[in-house]
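Residue numbers 429 to 1113, in our numbering, belong to the letters of the sequence shown in order.
These are computed hints drawn from the structure, not numbers from a lab.
Hints are not guaranteed to be accurate.
Listed next, with one range per pair, are the computed distances between beta-carbon atoms [what the hints assert, rightly or not]:
id, residue 1, residue 2, range
1, N627, D852, 37 to 45 Å
2, A547, W453, 52 to 60 Å
3, D852, R1068, 37 to 45 Å
Derived lysine-lysine pairs resembling DSS-like cross-links, with alpha carbons at most 30 Å apart [what the hints assert, rightly or not]:
id, residue 1, residue 2
4, K893, K929
5, K561, K470
6, K893, K988
7, K988, K647
8, K929, K881
9, K988, K929
10, K893, K783
11, K647, K783
We treat Cβ as the ideally placed atom computed from N, Cα and C, and that holds for glycine.
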Amino acid sequence: MNMPIPEVKAAVSPAAARTTFAALWRPALVQAFVKLDPRQLKRSPVMLVVELTAIFTTLLCFVPQSGVSTAVAVQIALWLWFTVLFANFAEALAEGRGKARADSLKAGSQGLSARRRTASGGFEVVPATALRKGDVVRVDAGEMIPGDGEVLEGIAAVNEAAITGESAPVIRESGGDRSAVTGNTRLVSDWLLVRISANPGESTLDRMIALVEGAKRQKTPNEIALDILLIGLTLIFLVVVVTLQPFAHFAGGAIPMVFLVALLVTLIPTTIGGLLSAIGIAGMDRLVRLNVIARSGRAVEAAGDVHVLMLDKTGTITFGNRRCSAVLAAPGVTARELAEGALLASLADDTAEGKSVVEYLRQLHDFDEPDSTLLTAVPFSAETRLSGVDFQQRRYRKGAVDSVLAFVGMQRLEMPASLAREVDRIAQSGGTPLLVCVDKRLLGAIHLKDVVKPGIRERFAELRKLGIRTVMVTGDNPLTAAAIAAEAGVDDVLAEATPEKKLARIRQEQNDGRLVAMCGDGANDAPALAQADVGMAMNDGTQAAREAANMVDLDSDPTKLLDVVQVGKELLVTRGALTTFSIANDVAKYFAILPALFAAIYPQLGVLNLMRLSSPQSAILSAIVFNALIIVVLIPLALRGVRVQAASAAHLLRRNLLIYGVGGLVVPFVGIKLIDMLLTALHLV
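From just these sequences and the hints, can you work out the full model?
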C-alpha cells in the first residue's frame, strides 16, 4: 500500500564529495541560463539592471562608436553577461545543495495511501493527498504514516529515519508529550489511530521540501531592507552616470555609451546583489542539515539577533538522568572496600543510575569482577527501594537511605556523624544520596546527581562573549537550581518555573527590548513558544507545541537551539561582511574608470590613475572583468558562511571591517592591475 522513503545520507569520502560536487555544478550551470529570464531575475533588482545593461551593450556592439573599438565593446558585453550568469550560478548552486534531499522526500511521498475512518465507523482507502485536517486514519505495523497527526489510540514504535536520519525507532502513544507523529515515517510495530493535524502542503515534510528547495522561499525582513538599500544605491549611481555626459559635452568632448554602461555596472553593488539570494538559501540549507525546520527565514534571522536564551535544565543543560558523581566511604571503611561493595551491588542493576555507578567505579579502580553466574541478583522494587546481589554468602545492597538503614537494622540517628553530614550535604545540593552496605555493615554513600553535560559551560562562555545571556529554566527549588546553575555557568535562573512564569519572563525580557529564544515540547510550553521571538519545538512533543513554535527540531534535541543561534549569526554576519566588501571595492573601480572616461577631456584627472593602467579601454575592461570574477571567487564563502568567533559585537565589527572593509579596498586594486597586465599581454585591447 505504501512506498518507502529512501534515507538520505551525507557523503563522507573525498570521491563521494567530488561526485556530489559534479552532480551539483552541472545542473547549476544549466539553471544559470534558465534564470536569465527577467521574470526570475526580478527577485534580484541589481542583477536585473545588469542584465538590461548587458542587452543594451550587446545592441551597441552593432552601432559604430567613436573612442571605443568593436572588439572592446564585444568583450564588455560578454563580461556583463558573465556577471549575470555567475550570480545565477551561485544561486542555482545553493539551491542544488538541498534539491537532492527534496527530490528524495518527494519521491517517497508519492503514491502513499491511507485508511480513513468513515462516518459509519468503517475505513476506506484513499490517497494520502486526499486527507484533510481532522481526518482519522488507522496505521498498522509496516505501513507509512500518511500525514502529520496526533495519536488518538494505541502505542507503537515508529522509524523516523526518513525525516531525522536516526534509524532507532521511537515510541509514540496517545496522551502525554509523545503523541505527535510525522508524516512519511514508518510504523515498526503494533498499530495507531491518528488524527491528521495538517492539510496537504502544510505538513512537516512539505515545509522541509519548501525550505530546502529555496527558490520558493519568501524574502526575510533583513533581505528586503538590504534590497531597498541596493536599489537606492543603484538609482543614485544611475543619476550620477546620466549626468556625466552633459559634463563631457560642456567641456567639448563625449563619452562612449559603452563606457557609461560599464561605469554604471561597476559602481552599483553587483557583488552582494549577485550573492544575496545564495547567502540566504545556503543559510537555510545549513539549518536543514541540522535537521531543524523553520516556518520562515524570519525566525532564522531572529536567532542571529537573539539576546536571551531560555533553556530547560533537564535534557539541555543536564543529561536528564541521575548519574554517579562520587562515592564517600563511612568511617573505618577503605575506598577500595566501598568501591568493591558498590560495584557488586550495582552489577545486576539495569537502570541508568546503576550503570552509571559501575561506569564511574571502573574508571577509578581495576577490579577482578566475579563470574555473573555466581551472582544472585536482587532487582530493585518499589516496596524495598533496594537492589544488589548475593555473592559468596554475603548480601551486597544499595538503595535509598532509609531503606538501607532498615536493612542493616540501624536508626537514622545511629549513622556515623560524618556519613550523616555527607548524606545531608548531597541532598541539600540537589543530588540524591544512596547508601551501600554488605550484610549489616554500612560501607558508605553514593552521590547521584543530574550531571551537567560536558562542554556546556564553555558553550555558554562563548555565547556570553557574543552578548547572549543564558537563563536556566527548572522546576527545582531555588537552592538546587542555584547549585546546578553555578556548575553549568548560566547567567540567570528561573526556579520553580511554571508555564505562567515562563511566559511572564519572556514578556519582561521583550519589554526591555531584548529578543528571546526558547525550546519546549509540552502543551504547557505552547504559550511561551508562541510568545518567544525564536520558539523551537521538539518533533516528539505535542502538536500544540509544534504549532506554536516557529521552528521544529526533528531530532528532538534541546541543545540544538545553541546551534540554531550560531547559524542565524553566521547568516547575518555573512550578509553584512559581503555587503561591506561589495561597497568598499567600488572605490578602486572609481580610480580605474573615472580617469579613463575623462582622459581626453580633463587630462588633469590622470593623477587619479593610481594603478597606472595601460590605456582607458584596458582600464574599463579590467574593471568589468574583475567585477564578474569576484562573484565567482566569493561563491564558496557565500555558501559556507563567515564563521562567527566567540567575541563581543564590537570586536566582530572591527574584525570584519578590517578583513572585508580594508580587504574590499585593497583586493580590487591588485586584481584590476593584474587583469590589465594580462589583457595588455594578450593584446585584447
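Hint by hint, here is what the structure shows:
1. N627 - D852: 37 to 45 Å: Distance hint for N627, D852 is violated at roughly 58 Å.
2. A547 - W453: 52 to 60 Å: 54 Å, holds
3. D852 - R1068: 37 to 45 Å: 54 Å, violated
4. K893 - K929: Holds. K893 to K929 sits at ~27 Å (cutoff 30 Å).
5. K561 - K470: 36 Å, violated
6. K893 - K988: Measuring from Cα to Cα gives roughly 19 Å; hence the hint holds.
7. K988 - K647: 24 Å, holds
8. K929 - K881: With a Cα-Cα distance of about 25 Å, the restraint between K929 and K881 holds, given a limit of 30 Å.
9. K988 - K929: It holds: about 23 Å lies between the C-alpha atoms, which stays within 30 Å.
10. K893 - K783: Violated. K893 to K783 sits at ~37 Å, over the 30 Å cutoff.
11. K647 - K783: 51 Å, violated
Of the hints listed earlier, those the structure fails to meet are numbers 1, 3, 5, 10 and 11, in rising order.
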